[in-house]
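With the hints as your guide, set chain W onto chain E.
There are 2 protein chains.
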Amino acid sequence: MAVFQNDTHLFTATESSIASTLFNSPPFQSFTVFILEVSSNPFKNIHSPAFLPIERTVPVDLVAADPEAETFKSSVANEDGDDNVTVAGFVLFVPSYTTFAGKPGFHVEDLLVRECYRRKGFGKMLLSAVAEQAVKMGFKRVEWSVLEWNVNAIKFYEEMGARVLTEWRVCRLTGDALEAYGDANY
Amino acid sequence: MAVFQNDTHLFTATESSIASTLFNSPPFQSFTVFILEVSSNPFKNIHSPAFLPIERTVPVDLVAADPEAETFKSSVANEDGDDNVTVAGFVLFVPSYTTFAGKPGFHVEDLLVRECYRRKGFGKMLLSAVAEQAVKMGFKRVEWSVLEWNVNAIKFYEEMGARVLTEWRVCRLTGDALEAYGDANY
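Chains E and W supply the protein sequences, listed in that same order. First residue of the first sequence: 1, per UniProt numbering; consecutive thereafter. First residue of the second sequence: 1, per UniProt numbering; consecutive thereafter.
Honestly, the hints are just simulated from the structure, not real lab data. Check the hints yourself; a few may be wrong.
Any copy will do: because identical chains look the same in the list, a pair fits if it lies in one copy or spans two.
Okay, derived cross-link-like pairs now, DMTMM-like style, lysine to aspartate or glutamate, Cα gap no bigger than 25 Å in a straight line [as the list claims (entries may be wrong)]: (1) K120 - E68; (2) K120 - D183; (3) K155 - E179; (4) K136 - E109; (5) K155 - E167; (6) K120 - E109; (7) K73 - E109; (8) K44 - E167; (9) K73 - E115; (10) K73 - D183; (11) K136 - E70; (12) K120 - D83; (13) K155 - D183; (14) K124 - E179; (15) K155 - E132; (16) K73 - E132; (17) K155 - D110; (18) K124 - D183; (19) K136 - E159.
If we strip away everything but chain E, and leave its shape as in the complex, we get (with noise of 0.2 Å):
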């Protein structure tokens, strides 16, 4: 994602940076995310206590050469003896608010299919399965950024029934001027 957004040189995250700061709470109270998973063989023992989940069997053409199987091997799958289950994307996602429906929402932060497995619907089974958490939950809003130039994913989007918003700009307050605020004197 950093390469395809070209902003390589923000990218400081490390496993052990992720390891100790995204799976401290149970899903759905903060961070959460949602794996994609492919197999040429059928899934066994999938078991979550909080997610039960989404399995989709698709035409075995729309399983691409991966150039990468290895690398992105399912730990998961592993487990449960099964050799051939690839990581294919995620979908990352933390609750937000709003206070004008007094209510909560999911904010998306990343949504990645990795390349060869795009063009297949699976981005829209990712996303749509964050959008019907939601609903299950109650909640009343998804919402995630765009770049504006990135004109293939906003028409994926507003094909999903999303509304791209033109009048609000997101506010960013990172690295010096942020950790200025550590002994603030304001």
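Then chain W, alone, in the frame of chain E:
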């Protein structure tokens, strides 16, 4: 805020919808609110298990005559036997996540200072408190949205060190378009 944004038709929150959704988790783990209270008496018995309140003394002529002081009287203040404390504003924020940094951040959902308390530095105090909390927790980003025609707000945010991102757009899935995913067959 709904009035200011010409969005009163979108406002459906009630005291009960807010009370049942907003205060179900410890501060900073999910939806969190900092309340700005003003009093012409010194505060007494300020206490909070999770957050050390920030106290500021301002010149007495900065505390405006408040035509709605009775409506916005603080219930916390009443517990302390001071019925002269008024809620002047709030900031509502939630944890977010940046996969680029592999670190959490805060997303500021609402920042409001009641009209008769504006242009006195209280908005900066509220937003700075969120930024300070982010730094204390090792969070790497504070983000929020602004209406592009709200040039005063944009100037204020830039003076606080924020960048206004011009190439991102917010996508929003709400109402019937969202509810349609409730029994999705995707």
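Hints and how they fare:
Only within a single protomer do K120 and E68 lie at most 25 Å apart by alpha-carbon distance; the minimum there is 18 Å, versus 57 Å between protomers. For the homomeric pair K120 and D183, the shortest alpha-carbon distance between copies (21 Å) is at most 25 Å, but the shortest distance inside one copy (49 Å) is not. In this assembly of identical chains, K155 and E179 lie within 25 Å of each other by CA distance solely across copies; the values are 20 Å between and 38 Å within a copy. Taking the shortest Cα distances, K136 and E109 sit within 25 Å of each other both inside one copy (20 Å) and across copies (22 Å).
For a Cα distance limit of 25 Å, the shortest separation of K155 from E167 qualifies both inside one copy, at 18 Å, and across copies, at 16 Å. Proximity of K120 and E109 under a CA criterion of 25 Å is satisfied intra-copy only: 21 Å inside one chain copy versus 34 Å between copies. Taking CA atoms no more than 25 Å apart as the test, K73 paired with E109 passes inside one copy only; the shortest distance there is 23 Å, against 38 Å between copies. Proximity of K44 and E167 under a CA criterion of 25 Å is satisfied in neither setting, with 47 Å inside one chain copy and 43 Å between copies.
Proximity of K73 to E115 under the C-alpha cut-off of 25 Å is restricted to the intra-copy arrangement: shortest distance 15 Å within a copy versus 56 Å between copies. Taking the shortest alpha-carbon separations for K73 and D183, neither the intra-copy value of 44 Å nor the inter-copy value of 31 Å comes in at or below 25 Å. Proximity of K136 and E70 under a CA criterion of 25 Å is satisfied in neither setting, with 35 Å inside one chain copy and 39 Å between copies. With identical chains, the CA atoms of K120 and D83 are at most 25 Å apart within one copy only, with a shortest distance of 23 Å there and 62 Å across copies.
Taking the shortest alpha-carbon separations for K155 and D183, only the inter-copy value of 23 Å comes in at or below 25 Å, while the best intra-copy value is 44 Å. Taking the shortest Cα distances, K124 and E179 sit within 25 Å of each other only across copies (16 Å), while inside one copy they are farther apart (37 Å). For a Cα distance limit of 25 Å, the shortest separation of K155 from E132 inside one copy, 20 Å, qualifies, whereas the shortest one across copies, 39 Å, does not. For the homomeric pair K73 and E132, neither the shortest alpha-carbon distance inside one copy (27 Å) nor that between copies (40 Å) is at most 25 Å.
In the homo-oligomer, the alpha carbons of K155 and D110 lie at most 25 Å apart inside one protomer (17 Å), although the nearest pairing across protomers, at 29 Å, exceeds that limit. Within a single copy, K124 and D183 get their C-alpha atoms only as close as 44 Å, which misses the 25 Å cut-off; across copies the closest is 15 Å, which meets it. In this homomeric assembly, K136 and E159 come within 25 Å of each other (Cα to Cα) only inside a single copy, at 22 Å, whereas the closest approach across copies is 41 Å.
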